[in-house]
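Student: Please take these sequences and the hints and turn them into a complete structure.
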Amino acid sequence: MTDGLQVTLEFGGGAELLFGNIKKHEVTLPVDDTPWTIRSLLTWMKDNLLKERPELFIQGDTVRPGILVLVNDADWELLGELDYKIESKDTILFISTLHGG
Amino acid sequence: MCSRNDNEDGSESYMEAKSKPLWSSTCQKCSGHNPVIQILQIKHAYCKNCFVTHVNHKFRSTLGKSKMMRPSDVVLAAFSGSLKSHAMLHLLHAGLSEKSHKRFLFKVQFIYVDEGAVLGLSLAERIANLRAIATLAEQYGFSGHFTSLACLFDSSGPRCFPLNKNSSLTAENSLENELQLLFQNIVSLTAKEDMLKQLRKQLLLLAAKELCCGKVFMAHTSTDLAIQILTDVSLGRGSLMHHDVTFCDFRDKDIKILRPLLELSSKEVAFYSVYHKLDNVFIPSLCTKMASDSSIHNLSKQFVMDLMENFPSTVSTVFRTGEKLGSTSSPDNSEEDDNSCIICQARLEVNLSPCTSAQATEFSRLISSLGPLGFDSKTLSSISGSNGAESCCSGSASNCCCNSNQDSPSLSDIMECCCYGCRLILHDLKSVSSLSERILEQVRRRKSLNSMRDSIKDFLL
Amino acid sequence: MPVLCSSKCGKNAILKRPKTGDALCKDCFFWAFETEVHSTIISGNLFKRGDTVAVAASGGKDSTVLAYVLKVLNERHDYGLNLVLLSIDEGITGYRDDSLETVKQNRDDYQMPLKILSYEELFGWTMDAIVAQIGRKNNCTFCGVFRRQALDKGATQLGVNCVATGHNADDLAETVLMNILRGDIARLQRCTSIITESETEGTIPRVKPLKYTYEKEIVMYAYFKRLVYFSTECVFAPNAYRGHARAFLKDLEKIRPSVIMDIIHSGESLQVKDNVKLPVRTQCSRCGSVSSQELCKACVLLEGLNRGLPKLGIGKSSLANRARDQQDAEKKEKVICDF
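Residue numbers (our numbering), protein chains in the order written: chain P, 87 to 187; chain E, 157 to 617; chain A, 533 to 871.
Treat the hints with care, since some could be wrong.
Claimed, not checked - Here are some, though not all, of the chain E residues that point toward chain P, as calculated from beta-carbon distances under 7 angstroms: (1) Ser187; (2) Val192; (3) Gly220; (4) Met224; (5) Pro227; (6) Val230; (7) Lys423; (8) Phe438; (9) Met461; (10) Asp462; (11) Glu465; (12) Pro468; (13) Ser469.
Just so you know, these hints were derived from the structure itself, not from any lab. A virtual CB, placed ideally from N, CA and C, is assigned to each residue, including glycine.
Tutor: What follows is the structure in structure tokens.
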């Protein structure tokens, strides 16, 4: 058995550029007293995963406007956004609509 | 004086704050499955199936409503490898695969524009992009083409080449250098992006002509168009803005540019591509990884994204504002060539009012350089009268610039052949000589035509 | 190293002009500033010899500079204008009472007659009283709508030919953006015109001589000329927060300073589709002001205040009508019960 919460983080539409150009990251979030939410995940990503220009991904305590978040293919707006409680094996996709073309 | 709400009937509430999503455990359309997407414009939560159907329907109805498509049409879809242009190909393919009466009858080809020379990519990277694009589009079976931005400067050879997984680029050096020099000489990112947009559009039109396609499809979403409206207004392009922000750009008399995704938001298109597992080829643009205050376009984009987050209904209001703009006259096909901007081909504005922002800026420039001592009050009347363009030689001196074709036209010569928006690009250009020979040639021709016209105007009835 | 004045007068420049990027010395700046306003007045055909012109004076920088420059130009170029100051007293303690002192100072300095008109005498309500009833939400709506009508009424009382307002280039560009954000196509089309069209009989035209003047230059001009103006924020609208459009405009200006003129150019040249319905402007059936509705906004707001239904003019007009009808119905019922 493994400690911590296993989740898949995916990036698309150009957001992957800020994460070493890798579209899919399998990560294990360390065990914590409080349940993991997207809010705390973002902080964790900023410290552990984000390779450059954090302001292009995170603004304040949320994602930069123009980046969409999907949890298991569902719109995070239906799931409580930042307060969504992450479960084991969740796939969280960050997709940027900011890129032109 | 307090100028808040000055010109308004006082609606501070012109921006409606975002409301919490209507949480529902079932799809509001079929009441069956769990909802997966909140569509803000209609405040509905849809399940995957209903959502995909909804996007398909919007796409089809946009084309149907326009009453512009004919069975004999050949459409050239602009495909950049981005998610939304991929979604457009996917939607077109779906429409062509329908059964019987629902099937699209027009034909589809696609084109990829290689802009690598301007974006600072190596030849190897550009070839890799080319092949990745070909691979991505392969599944649809459309006939594919590619062209390079530098081809715009090539007046003789063909501009379009067949695109497949073995396609290759041989960067024709002198033209590539000309293109790179032009962009190196533009000092601001704002002007670079604007120039690139104008060049890309021209190239797409030329390519469509070469491939005998009467219509070009571009994958702009309603979100893109809201951004475009704010950008165009800020770039002084208000008069022709409707061509950039509505379904159809009919500036070119032969080829129409259509935007079949314009009823969909960028969010809807992104979800559509996720649900169909559409991949993309990421090619950085001029503003990739740039801060939001790096250019007017980038800032407008950030502004619209912020609105979307906090006041989503305002974004559709902006987009609808664009829809109400238009030309008061129908496109005039007999339009003389020398009445359009040499950079963007827009018709030059004929503003009869003597008191305009453009004139005020010109006047500011004039008196700032003349100063009180050099200023002659007669100058005031001449500037508010005509455009003040005077022939440089009053007689027939054969070595004067207005007759000679060798000399490079001056900045003011070029300005006269440009619209307001393109003049702003020129202001950010370090050296006029870096403009393409094609543009300079047009200026020379137009200038000598004008002076000819001036010299014979007394004899015309 | 000091930058030399662009006019080659030999002096050191003191400011960089946002509109063109030229650097000017103090004297050349004063001259250029004034000459440009003069040029706008002439090319826009704003005044006729013998006109009486009311300068809408608030004591703020724009109207103070406007009054001063019009006086200077009237004398220098012999426009033959009769200039008067017109001020509106909204009845805001701690703000308007102080700024009116500045206007009185202008009256004495520039030797112009001053007329002060108050919301209280025109509408029977001060802003203090309105805020006491409706709170801090929407109060700027009341103030804006009432001011507009107050200026019209004041101008009529004074019998002037036109009202000159201190709207500057930044204000105009902001209004263009604002009307796009609000989707108000009718205003978008007319908000950049230098003279408000007086298509309805009996309206006094308004002109904007500072239409092409940057706010930055107005502040610099007032500062170097040592003009006295009042610069406190209104107590009911604190924080320099002037809405999203203003913040966006300021950010745009940082990228390209000419953007203000460019936006005005866009506003001046954009066209509206033939088939888009624009509201027809008629006269308010109650007070005779220009209005696109049966009742003008000021009358609706006033009715709301007087009926104790301050929301009447704020939301959609259909809701307002329903609230009004409901109250009327209740009243009728009461009357019947009383019998």
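Student: All hints, please: hold or fail.
Tutor: Hint by hint, here is what the structure shows:
no.	hint	verdict
1	Ser187	violated (15 angstroms)
2	Val192	holds (4 angstroms)
3	Gly220	violated (26 angstroms)
4	Met224	violated (24 angstroms)
5	Pro227	violated (29 angstroms)
6	Val230	violated (22 angstroms)
7	Lys423	holds (6 angstroms)
8	Phe438	holds (5 angstroms)
9	Met461	holds (4 angstroms)
10	Asp462	holds (5 angstroms)
11	Glu465	holds (4 angstroms)
12	Pro468	violated (10 angstroms)
13	Ser469	violated (15 angstroms)
Violated hints, listed in ascending order, are 1, 3, 4, 5, 6, 12, 13; each of the other numbered hints is respected by the structure.
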